[in-house]
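Kindly generate the complete structure, drawing on both the sequences and the hints.
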Amino acid sequence: MESVPTLLEPGRAFLSKVAFFLPNLLAALLILVGGWVLARFIRLLVFRFLLAIRFDVAGEKAGIDDILLRADIRQGPAELVATLAYWLMMLLVIMTAINTLGLAAVAELLNQVLLYIPKVIAAVVVLILGLFFANFLAGVIRTAAANAGLPEAEVLASVARYGLIAFTGAVTLHELGVGAQLVHSAFIIVFGAVALALALAFGLGCKDLARDWVIRYLESARGNKKHH
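Numbering (this note's numbering), first residue to last: 2 to 229.
It is possible that part of the hints are untrue.
Derived CB-CB ranges, DEER-like [unchecked claim]:
{"#": "1", "residue 1": "Leu23", "residue 2": "Phe134", "range": "48 to 58 Å"}
{"#": "2", "residue 1": "Ile122", "residue 2": "Gly64", "range": "12 to 22 Å"}
{"#": "3", "residue 1": "Gly140", "residue 2": "Gly103", "range": "16 to 26 Å"}
{"#": "4", "residue 1": "Leu102", "residue 2": "Val38", "range": "48 to 58 Å"}
It should be emphasised that the hints constitute simulated quantities derived from the structure, not laboratory data. Cβ coordinates follow ideal geometry from the N, Cα and C atoms, glycine included.
Rendered as structure tokens:
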């Protein structure tokens with residue numbers, strides 16, 4: 002028959018592990034609570050800063066608001082970036098808490114996610130700037146073509162806009178580390194299609210000018226023959 006100390010040994014081992022784990026658990030909980038408060042403060046700070054520099058206005062001009070509405074996202078650009086900053090901070094907090102608990106494998110996984118976040122931020126910045134300049138360039142081309150009397154001003158503006166959007170998409174995917182060769186091939190195809198569309202649009206817009214030039218040239222040639 003086993004002695005009482007032997008029977009109690011598993012219970013003692015369990016209590017010893019609990020006693021060792023409890024301080025780490027309490028520390029992790031404190032880190033989570035403190036980090037949550039800090040993350041909320043950072044979100045508010047980022048949101049107010051973006052409002053101060055009129056980030057929402059730039060987002061509206063870039064067409065970001067329309068994209069967000071189509072995706073059924075009710076947050077404005079400034080609020081969305083502030084929310085991303087909040088979750089970035091929370092991810093750091095969670096990773097610190099997990100390290101405190103000694104869960105190395107989970108911490109390593111979160112660390113890989115954390116290292117990828119700067120690429121996502123860079124891609125978002127590239128996307129916003131690209132969309133802004135695409136709309137700006139389209140407006141410039143539309144105005145210039147209309148002032149020149151070209152009938153295809155809207156077509157030229159749309160081709161330029163979507164061409165720059167395609168380029169922006171390629172750069173954005175490259176920043177995210179999506180297959181560089183695939184992005185390069187897709188960009189070549191899209192760029193070729195846009196160039197062809199631009200050439201066709203320009204040809205259609207200038208056909209009247211070319212016709213008038215040919216008519217004037219023929220009339221001039223006939224006039225010279227009559228003089229001879």
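Consistency of the hints with the structure:
The supplied range of 48 to 58 Å is met by leucine 23 and phenylalanine 134, whose beta-carbon atoms lie about 56 Å from each other. Range check, isoleucine 122 to glycine 64: about 20 Å between beta-carbon atoms, so the 12 to 22 Å window is met. A beta carbon spacing of about 57 Å between glycine 140 and glycine 103 contradicts the range 16 to 26 Å that was offered as a hint. The supplied range of 48 to 58 Å is broken by leucine 102 and valine 38, whose beta-carbon atoms lie about 20 Å from each other.
Against the hints set out earlier in the document, violations occur for numbers 3 and 4.
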